[in-house]
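S.K.: Sequence:
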Amino acid sequence: MEVSIRKGKYQNSWKPLKGKVLLYIDKAAPKPKYGDVLLIRGGFRAVEPPQNPAQFDYKWFLAQKGIYHQQYLKATDFILTERSQTHWLKKWAYAVSEWSDSALRRLVKSDREYTVAKAMVLGLRDEMDNDLVQAYSAAGAVHVLSVSGFHIAIFMGILTFLLGFFRKSKHGKWLYLSLTFATMWFYALLTGLSAPVIRSALMFSLFLLAKPLGRKKVMLQTRYLARLYCCWSLTHC
1 MEVSIRKGKY
11 QNSWKPLKGK
21 VLLYIDKAAP
31 KPKYGDVLLI
41 RGGFRAVEPP
51 QNPAQFDYKW
61 FLAQKGIYHQ
71 QYLKATDFIL
81 TERSQTHWLK
91 KWAYAVSEWS
101 DSALRRLVKS
111 DREYTVAKAM
121 VLGLRDEMDN
131 DLVQAYSAAG
141 AVHVLSVSGF
151 HIAIFMGILT
161 FLLGFFRKSK
171 HGKWLYLSLT
181 FATMWFYALL
191 TGLSAPVIRS
201 ALMFSLFLLA
211 KPLGRKKVML
221 QTRYLARLYC
231 CWSLTHC
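Reading the sequence shown from the start, the letters are residues 1 to 237 in this note's numbering.
Since the hints were derived computationally from the structure, they do not count as laboratory data.
There's no promise every hint is true.
Said to hold, decoys possible - Taking lysine-lysine and the DSBU-like style, the derived pairs with C-alpha atoms no more than 35 Å apart in a straight line are:
1) LYS20 with LYS31
2) LYS109 with LYS7
3) LYS109 with LYS9
4) LYS109 with LYS173
5) LYS33 with LYS109
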């Protein structure tokens, strides 16, 4: 998980710090929630560059997100101290995502199938073991484990097939749009409002509104506007 640094102890005094760090937390440790403040023992280590030719540059990848350090934490390496101020929309989205995760856990009993279903439906891979991820990577199908525009497109196709008959009546098109928007954005909440899902949901929302408003459908411009708004919203939330 990504965390923001608030303070660090240097020469027996706490100094204000600013930045982001990638944490790997042991599964036996208590799982922090959005808004928790952690007191961590020890220092962070810099992300290492690739060691082999033509290897994926994970250091550069994280640097694009403003992350230059990482740390592995056991249960004895940190404590939860308090809960800071949180953004209400993110807090609500994470709560809905946790509820959907628990509902999926009750439906899928096998641990292995549950982790795959959780990744494919909710976009959460925190409980998948490395061997399983590597197996999907070797098969060239690791992209199905991340909820993205491809998943939203399939979801929209199913909604259009089930609710398309509403568009045949004069006022039914607005009912169709309302039901489609409500279902699509509720699914975005289930995934915790991740950036790819927000961008895809917004793109399809603009695309669906084009016909009732008498606008021309231009997919490239719609994607561009969705990306711009998604970047702005993630920066200001």
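S.K.: For each hint, tell me whether it holds in the structure or not.
M.R.: Hint-by-hint comparison with the structure:
Under the criterion of a C-alpha separation no larger than 35 Å, the hint pairing LYS20 with LYS31 is consistent with the structure, at around 18 Å. Between LYS109 and LYS7 the CA atoms are separated by roughly 42 Å; this puts the pair beyond 35 Å, and the hint is violated. With a CA separation close to 45 Å, the supplied pair LYS109 and LYS9 exceeds the 35 Å bound. With a C-alpha separation of about 40 Å, the suggested pairing of LYS109 with LYS173 is violated against the 35 Å cut-off.
With a CA separation close to 24 Å, the supplied pair LYS33 and LYS109 stays within the 35 Å bound.
Hint check: violations occur at hints 2, 3 and 4; the rest are consistent with the structure.
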